[in-house]
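Chemist: We have chain X; now place chain C onto it with these hints.
2 protein chains.
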Amino acid sequence: MTPEDERHPDDVQQHLREVQDLLARHKLVEGLVHRQDMPRHDLVENLVHKQHVAELQHKLDELHPADIAYILEALPLDERLFVWDLVKAERDGEILLEVSDAVRESLIETMDTHELKAAAETLDADELADLAPDLPPEVIQDVFQSLDSEEREQLRAAMSYPEDSVGALMDFDMVTVREDVTLEVVLRYLRRFEELPDHTDKLFVVDRDDHLKGILTLEKLLISDPELEVSEVMRREPVISFQPDDDASEAAQAFERYDLVSAPVIDADKRVIGRLTVADAVDFIREESEHEILAHAGLREEEDIFASVWDSVKNRWAWLAVNLVTAFIASRVIGAFENSIEKLVALAALMPIVAGIGGNSGNQTITMIVRAIAMGQVEQSARNRLLKKEVGVAVFNGIVWGGLLGVLAWWLYGSVSLGLVMTAAMTLNLLLAATAGVLIPMIRIRLGADPAIGSSVLITALTDSGGFFIFLGLATLFLL
Amino acid sequence: MTPEDERHPDDVQQHLREVQDLLARHKLVEGLVHRQDMPRHDLVENLVHKQHVAELQHKLDELHPADIAYILEALPLDERLFVWDLVKAERDGEILLEVSDAVRESLIETMDTHELKAAAETLDADELADLAPDLPPEVIQDVFQSLDSEEREQLRAAMSYPEDSVGALMDFDMVTVREDVTLEVVLRYLRRFEELPDHTDKLFVVDRDDHLKGILTLEKLLISDPELEVSEVMRREPVISFQPDDDASEAAQAFERYDLVSAPVIDADKRVIGRLTVADAVDFIREESEHEILAHAGLREEEDIFASVWDSVKNRWAWLAVNLVTAFIASRVIGAFENSIEKLVALAALMPIVAGIGGNSGNQTITMIVRAIAMGQVEQSARNRLLKKEVGVAVFNGIVWGGLLGVLAWWLYGSVSLGLVMTAAMTLNLLLAATAGVLIPMIRIRLGADPAIGSSVLITALTDSGGFFIFLGLATLFLL
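Here the protein sequences come in this chain order: X and C. Numbered as in numbering that gives the first Met the number 0, the first sequence ends at 479 without a single skipped number. Numbered as in numbering that gives the first Met the number 0, the second sequence ends at 479 without a single skipped number.
Just chain X, same shape as in the assembly (with noise of 0.2 Å):
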């Protein structure tokens, strides 16, 4: 990073708001351009609209390849393409490092193949593993032939681990020293370097073979007495360190937990084999957060906002479908009782209380149980002790608000009886929802499913069909 990259943390809406003002100076000459067939002004009009161009790609020189990906992703598809051929061609590689996968989709499409060749050979191995699942596979021979040895092993392995382990995440940027040498030859090394790798707050000390013996931070670097030998001031096993086959996952909350900068990654035999940074860390539990947030809400992956129509509705059908199948279940259910309905209609107009306050009760019980489990903290013993809270919960408010709405059903259709089963329905589809809330997790547990996965949609479809048809079912059996 230059000292240009490093701004007021607010400047990045700032820069975006530069470039937009720029494009939109931009476009407007070029309209006139366009629009005006008179020769004579043809000359200044083009000056003009240079001189606008370089003032735009002089603000993105300027700009850390991060800052110029926000801006990418915030810009309309013809204005992003526009900025992307701006930017120099030696950058481009570490910025669709940083882009969405739907925005690099969309600069990778227009690149033809020199051009992500060039691209792709200005990133380190674990990056260039990042990349390549997007890179048409001519570019990744051609730049595998590129590579010398050790740089293509890297890449071999980063390649072959799953996408949410650690090995995935990891890097090869470590700086590594023996036991039996003091500070000061330690410090002498490091002056030799023209940088150190990001993240470097700890060296790693190994033996001749690379097996890990332990951490020499900078902070001991630093404070002791050079004269010292590295053996009397590191840290000795066991330190924290990862297995490439570890859940990355996990990595992340022991990052979290123990406020880790970096870490080693070694193999089987304790071997140094690469390095896990807090950065890597960060950016695992925001994608995490987000696929979270997006499932929730039945969207695949992230949304490029200027997407066309058909890639959105590409995003969202899978969750449409899933939906509709379960709605049409529900309003199966509900035609079961046509008869019931038809002698009173007021069932018509209470039913979708029942169902639509299970459903939301039932997602908040299944939404604190998958959470709670992700974080390890539901052990199957505390099953019963659970489901006692949550049916306690749901007695609680069914007697309160089904109450409630049982007088309000009475109030408005002069019927005691009809209030009763109000009242009845609504505190059995909470017990259901709470039940369910509980055991569905848990059961997709034992059976090794992601218990987070569609939750909601399966909660509800159960509170839905269930509310119905308890709702229903009681109102047949006691008011007809």
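Keep in mind the hints are simulated off the structure, nothing from the lab. A couple of the hints might just be wrong.
[As the list claims (entries may be wrong)] Computed cross-link-like contacts, DSS-like style, restricted to lysine-lysine with a CA-CA straight-line distance of at most 30 Å:
1) X:K342 <-> C:K342
2) C:K269 <-> C:K219
3) C:K87 <-> C:K49
4) C:K49 <-> C:K116
5) C:K219 <-> X:K87
6) X:K387 <-> X:K313
7) X:K342 <-> X:K313
8) X:K387 <-> C:K313
9) X:K219 <-> C:K87
10) C:K387 <-> X:K313
11) C:K116 <-> X:K58
12) X:K87 <-> X:K58
13) X:K313 <-> X:K269
14) X:K58 <-> C:K219
15) C:K342 <-> X:K219
16) X:K269 <-> C:K58
17) X:K219 <-> C:K313
18) X:K49 <-> X:K87
[What the hints assert, rightly or not] Rough simulated footprint, nothing fancy, chain C against chain X, three-plus residues with beta-carbon under 8 Å:
19) 201 to 210
20) 305 to 311
21) 402 to 411
These numbers were taken from a predicted model, which means no experiment stands behind them. Built from N, CA and C at the ideal position, the CB exists for glycine as well.
Modeler: Okay, now just chain C, sitting in the frame of chain X:
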């Protein structure tokens, strides 16, 4: 952190299991002691009991405060308080900082003024400020008296900033140097420290009056010739810095975007008054996303999963109450069409489909728009473009899915016109959902409100009532 604190990440689960194990054994013995009245056995059982307690205590002494916090959160109240009593008093403060708000309350309730004071006195000013809202006023008063004047000033400052500001997150542990000294002098200065503040990756270069002149990264300090002066290797202003009134969310995004480890916090005169670290940023990101996920399900705050029924009811009632009101309104919309339903009971079975799918589709749109707004990537100027896209998606889905449902309705009830009404109502409700999904957050932003809060409730209320109205209205017009 002592060496014992650092473990493989999986181990926190392991720790939890071990503690639960010890607790189970402990309970068994305690049960025996209480149940049996034979005095002869008392001594032996007491010994076994004591041995288990000692083992548990030893285990706890070895654990990182964050791990103890994790275990406390995962234990039911009685076991939680038993473990809490075994934790060494001098560690109470740091553990209270790590546990969730709900669990912190449950722990503080059991501590007397004296214990709370002792715990609070082990903390730094910025940590105290975090804990203060949960402490009784007399404890804060006492602790305040025991601070020296600098710490008092820091505590006063930290407590004066609103919760979501940089000021509330910052700490006061910074190392500053002057620019006119050599790196050799800086290195000697650092060797006088017993330890450096956590997350020190740079020193802040200041003048005599603490005005920020630039930063000296540990990297530059380590790789540069010690004969050089600080001014020759430091990065000069402007560097990334924050002001205490800055939005914490934007600061956290800046940490993520620029991969920062620490950054200075300066006042309006550019005087360094504190420091923000990546650990604070990570905690903030995690809390923010948790808050969003919980708010989505209508949970006011993170819930202690072993909370009492009453605490759970309190945490959830607000959303249920709102939901009750919106469901009641939707029910009255249906009530207005009771005549139509009486004549054509199929309407009762089909209407929840129209409402439900509109709700889900609206939630997809609003979730995407709210997220894009939160990232600062949607300007009011993009409104028409987004509206056009969402309307396009709605028309597409209305024709495809609505058409499918129309065919199903035709097939079920043998009425082409009922099918056509179904398709038309679906399309119109999806259009309502798309328009509201774009406009509601944009209007709320213009009114200065947070577009995220209750966005899901609002859109669902609108698409429920609207869906019923559109479907039953169209049916009344064209079918009866």
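Chemist: Look at each hint and say if it fits the structure.
Modeler: Do the hints match the structure? See the list:
no.: 1; hint: X:K342 <-> C:K342; in the structure: 11 Å, holds
no.: 2; hint: C:K269 <-> C:K219; in the structure: 23 Å, holds
no.: 3; hint: C:K87 <-> C:K49; in the structure: 17 Å, holds
no.: 4; hint: C:K49 <-> C:K116; in the structure: 29 Å, holds
no.: 5; hint: C:K219 <-> X:K87; in the structure: 28 Å, holds
no.: 6; hint: X:K387 <-> X:K313; in the structure: 42 Å, violated
no.: 7; hint: X:K342 <-> X:K313; in the structure: 43 Å, violated
no.: 8; hint: X:K387 <-> C:K313; in the structure: 17 Å, holds
no.: 9; hint: X:K219 <-> C:K87; in the structure: 28 Å, holds
no.: 10; hint: C:K387 <-> X:K313; in the structure: 17 Å, holds
no.: 11; hint: C:K116 <-> X:K58; in the structure: 55 Å, violated
no.: 12; hint: X:K87 <-> X:K58; in the structure: 12 Å, holds
no.: 13; hint: X:K313 <-> X:K269; in the structure: 45 Å, violated
no.: 14; hint: X:K58 <-> C:K219; in the structure: 28 Å, holds
no.: 15; hint: C:K342 <-> X:K219; in the structure: 84 Å, violated
no.: 16; hint: X:K269 <-> C:K58; in the structure: 26 Å, holds
no.: 17; hint: X:K219 <-> C:K313; in the structure: 49 Å, violated
no.: 18; hint: X:K49 <-> X:K87; in the structure: 17 Å, holds
no.: 19; hint: 201 to 210; in the structure: violated (count 0)
no.: 20; hint: 305 to 311; in the structure: holds (count 5)
no.: 21; hint: 402 to 411; in the structure: holds (count 4)
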